[in-house]
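Trainee: One letter stands for each residue in the lines below.
Number of protein chains: 2
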Amino acid sequence: MTLPPTARLTPFVSADRDRIVATLHAWLRIPSISADPDHAHDVRDSAAFCANLLSDAGLEHVAILETVGAPAVYGDWLHAGPDRPTVVVYGHHDVQPVDPVELWHSAPFEPEERDGECFARGAIDDKGQVLYEVEAVRGLLRLDAGLPVNLKFLVEGEEEVGSPHFETLLQTERERLRCDLIVVSDTGMLAPDLPSTCVAMRGLVAVDVTVRTARGDLHSGLFGGAVPNAARVVAELAAGLHDDEGRVTLPGFYDAVRPLSAAEQASLASIPFDEEAWMAQAGVFGLQGEAGRTTLERVGARPTAEVVGITGGYGGAGIKTIVPATASVKVALRLVPDQDPDAVAKAFEDWVRDRLPAGVTAEISGEGAVAPAVTPVDHPAVGALCRVLERVWGRPPLFTREGGSGPEEALGRVLDAPVLFLGVGLPDDRIHAPNERMVMDQFWRGLVAAGELWPELAALGIPAR
Amino acid sequence: MTLPPTARLTPFVSADRDRIVATLHAWLRIPSISADPDHAHDVRDSAAFCANLLSDAGLEHVAILETVGAPAVYGDWLHAGPDRPTVVVYGHHDVQPVDPVELWHSAPFEPEERDGECFARGAIDDKGQVLYEVEAVRGLLRLDAGLPVNLKFLVEGEEEVGSPHFETLLQTERERLRCDLIVVSDTGMLAPDLPSTCVAMRGLVAVDVTVRTARGDLHSGLFGGAVPNAARVVAELAAGLHDDEGRVTLPGFYDAVRPLSAAEQASLASIPFDEEAWMAQAGVFGLQGEAGRTTLERVGARPTAEVVGITGGYGGAGIKTIVPATASVKVALRLVPDQDPDAVAKAFEDWVRDRLPAGVTAEISGEGAVAPAVTPVDHPAVGALCRVLERVWGRPPLFTREGGSGPEEALGRVLDAPVLFLGVGLPDDRIHAPNERMVMDQFWRGLVAAGELWPELAALGIPAR
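Sequence lines, in order, name chains A and B.
Under my numbering, residues 1 to 465 are what the first sequence spells out, in order.
Under my numbering, residues 1 to 465 are what the second sequence spells out, in order.
Because the hints were derived from the structure by calculation, they are not lab data.
Treat the hints with care, as some may be off.
Said to hold, decoys possible - One-sided and incomplete, this derived list gives chain B residues near chain A with beta-carbon spacing under 8 Å:
id, residue
1, ALA239
2, ALA263
3, ALA266
4, LEU287
5, ALA291
6, TYR314
7, GLY316
8, ILE322
9, PRO380
10, GLY383
Unchecked claim - Short, incomplete list of chain B residues facing chain A, as computed with Cβ under 8 Å:
id, residue
11, THR213
12, PRO259
13, VAL299
Glycine included, every Cβ here is placed at the ideal spot set by N, Cα and C.
The task is simple: from the sequences and hints, build the whole structure.
Mentor: See below:
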């Protein structure tokens with residue numbers, strides 16, 4: 001491990017390593033899958049664990065913030081004084097589902113460290129990234145009996161299902177969450193030797209379309225060829241989402257897309273990108289996407305549509321000679337500034353209804369919507385973050401756009417504060433997939449970086465200038 | 001019930017009704033699902049049940065015929081003498097899967113009689129239709145201590161998975177199964193007041209295509225838009241199977257299709273067809289299919305391609321923001337004379353491979369192939385069958401083509417004998433679907449008709465002239 005010897009928390013990491021790892025593993029053992037109602041009690045257990053963690057680290061006013069869905073967790077330390085900035089640290093304690101579970105090399109909720117990497121669902125997304133922020137607070141409080149900024153932790157419980165109740169929570173708790181800056185601890189960087197910080201995240205519109213073509217499944221020999229087939233209807237929808245140029249076919253989809261600024265264009269172009277290595281990392285043998293765009297543009301700067309699931313008819317062993325009566329397709333649309341989630345959701349629904357064959361019905365249900373988010377690269381707080389990243393990772397960070405989507409747009413908008421992204425994830429961490437991992441060296445660097453960031457931000461004055 | 005009072009087995013039905021119904025229900029309680037390896041022992045139990053049934057009814061040389069897969073059952077009665085025809089009666093004792101099981105109004109393997117209909121998986125397809133043949137033998141043996149023809153029962157155990165080992169079995173057992181005629185008891189008629197007999201059955205090529213686009217599922221935000229998506233690949237295959245005219249797009253698919261004969265064309269045109277009623281029966285609100293063809297042509301006389309299942313990515317509640325790495329599509333192609341299953345399977349595989357995006361691999365596995373079958377309508381045995389159907393159902397039967405596919409082609413070809421179809425199924429019996437039923441009145445008529453058929457065939461001499 002290569003922590004900067006002069007960093008304030010390097011000795012704390014050496015002293016507390018085993019305890020912190022044990023805490024990480026204990027949290028990762030809670031299967032807090034927010035997408036699955038059967039795991040609702042685990043999400044609550046995870047919230048309780050997080051609340052205890054915050055209290056134990058020295059945070060105050062710790063509270064479980066209830067929502068209509070899964071609870072968030074709050075805790076603060078507000079003794080830095082009125083001349084110091086107040087920062088909200090955001091993360092989430094819920095995790096993605098684990099299927100196909102048979103592809104995991106170790107059980108997803110039995111964390112295992114192998115070769116300096118911690119394998120478990122939620123390791124990097126996002127329990128690990130919340131934990132280093134909390135432990136940095138504990139370390140600074142132990143050293144100084146205080147923090148240079150006022151901190152407020154907000155750890156959500158529904159991020160992995162599209163944060164359906166998050167904006168309402170922010171509105172309700174706006175006073176408690178009043179701040180000058182927001183630090184999101186849920187993203188990544190290009191590589192350990194290529195630190196980067198995110199300055200934009202894509203939005204998300206997630207939709208489930210379930211079609212019905214008949215009262216029940218029909219015999220494919222007796223009825224096939226003359227009746228509509230639900231599996232074929234959803235296949236046609238899924239296949240029709242893109243044209244031959246790889247462009248999304250929803251009418252007006254690209255109309256509101258804002259072109260990249262010159263600074264971002266320059267940063268994007270300067271990212272050394274090894275396509276072969278990226279493909280190996282992704283585990284793919286071919287690339288495809290919007291014509292005329294580079295891979296980095298496709299995954300970060302351009303809006304996309306992906307079929308995240310398709311199901312209809314018989315999926316078991318062998319064959320069942322039926323015409324399926326129902327089928328569904330789930331689609332995740334990633335949005336960039338200035339696309340509007342509501343407008344895109346509406347365009348999608350209209351597009352589906354226009355394409356349904358006669359006599360076929362569809363239920364279209366939104367499964368979450370998040371607007372795209374941007375942070376101005378010339379903001380002084382971004383400069384402070386860049387100095388910290390350079391100090392801990394050894395070179396100045398590049399600016400990236402994160403392909404993922406989070407509730408950051410609502411955070412920035414409702415709390416009216418700039419959003420910084422301190423994230424230590426790596427492209428090969430397999431978030432949302434089997435064998436999610438966190439590289440432990442990145443975790444420790446994240447902890448040290450969090451300890452460096454607060455003094456840098458404190459020095460900016462209020463509001464962060 | 002309206003059994004002809006002069007039919008030889010009408011009194012037998014009155015006397016033995018309760019015992020026969022109890023036997024039917026006992027057999028239907030065995031979940032002999034051949035598609036599901038977990039039910040392999042049930043298929044064996046069903047074979048044992050069938051063997052006991054044949055012995056008990058008076059058949060001899062009863063044997064379980066092993067295959068590489070599920071066993072068939074054999075039994076014969078060969079004392080009619082060398083101047084009488086020998087007939088193979090074919091049926092099957094395996095059944096289709098039952099999902100979606102929640103749509104059944106009563107448990108699929110707890111047979112229930114409601115309003116003169118027996119509800120259970122396998123009621124009409126095909127245990128009921130085997131049972132009336134066996135009980136007709138029992139009835140005639142009780143009346144006459146003998147049968148007018150030599151009979152051989154062959155009850156298969158893998159019909160619902162495309163009879164993968166049936167032709168091998170026929171080849172191996174060719175001597176034991178030597179015969180002058182084959183009677184298949186596994187089809188249906190247009191309506192109780194519109195008796196019909198099948199003179200052609202479509203063939204079947206069933207294929208599973210499983211594609212892989214990456215080592216594992218990927219995050220749709222981080223990789224989406226730049227990597228191939230397995231769910232989209234199978235959706236494109238499924239959607240690409242038909243052109244805008246509803247024609248199957250496989251190159252050369254229609255080349256070998258033999259036009260209907262004038263007699264069949266006339267019979268098909270004379271079938272009174274109420275499209276509204278048919279749609280209500282099917283439970284659909286729209287029709288679609290090959291342009292320029294009637295519904296009856298589409299379901300019986302034309303080859304088709306149906307997606308019987310499509311599966312990829314996340315199918316649970318809510319959303320999971322992944323790019324699926326694997327997905328599969330199952331397709332059932334129905335063939336008509338003179339399409340060749342091997343040629344069609346090859347064309348399908350070539351078509352799939354041609355359409356795979358770069359870097360995407362596919363496993364294509366055949367899940368059964370059956371050639372289409374035809375019986376000449378002017379064969380004297382067809383005439384005998386028509387007289388029996390008229391006697392029991394009150395009017396001369398129409399000739400139909402069965403949309404389904406069975407192992408009849410191999411039976412006729414390997415045993416070198418004409419194939420007759422005595423079947424009492426009705427279009428609304430929901431075979432292969434939830435709430436499969438058998439109309440009990442049709443069952444009793446089938447029993448009586450089987451008892452009438454043997455004397456009619458005996459009178460034809462050998463070979464059936």
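Trainee: Evaluate each hint against the coordinates.
Mentor: Against the structure, the hints:
Annotation: interface hint on ALA239/B holds; nearest CB of chain A at approximately 4 Å, less than 8 Å. For ALA263/B, the interface hint is violated, since its Cβ never comes within 8 Å of a Cβ in chain A; the closest pair sits about 23 Å apart. This hint is violated: ALA266/B has a C-beta 21 Å from the nearest C-beta of chain A, more than the 8 Å allowed. A least Cβ separation of about 6 Å between LEU287/B and chain A falls short of the 8 Å threshold, and the interface hint therefore holds.
Nearest Cβ of chain A to the Cβ of ALA291/B: about 12 Å, over the 8 Å cut. The hint is violated. At its closest, the beta carbon of TYR314/B sits 4 Å from a beta carbon of chain A; the interface hint therefore holds under the 8 Å criterion. Annotation: interface hint on GLY316/B holds; nearest CB of chain A at approximately 6 Å, less than 8 Å. At a threshold of 8 Å, the smallest CB-CB gap from ILE322/B to chain A is about 5 Å, leaving the interface hint in force.
A cut of 8 Å between beta carbons decides the hint on PRO380/B: the least distance to chain A is about 28 Å, and the hint is violated. The beta carbon of GLY383/B comes no nearer than 26 Å to any beta carbon in chain A, farther than 8 Å, and the hint placing it at the interface is violated. At about 6 Å, the closest approach between the beta carbon of THR213/B and any beta carbon in chain A falls short of 8 Å, and the interface hint on this residue holds. Hint status for PRO259/B: violated, given a least beta-carbon distance of 17 Å to chain A, over 8 Å.
At a threshold of 8 Å, the smallest CB-CB gap from VAL299/B to chain A is about 5 Å, leaving the interface hint in force.
Hint compliance for this structure: hints 2, 3, 5, 9, 10, 12 are not met, and every other hint is.
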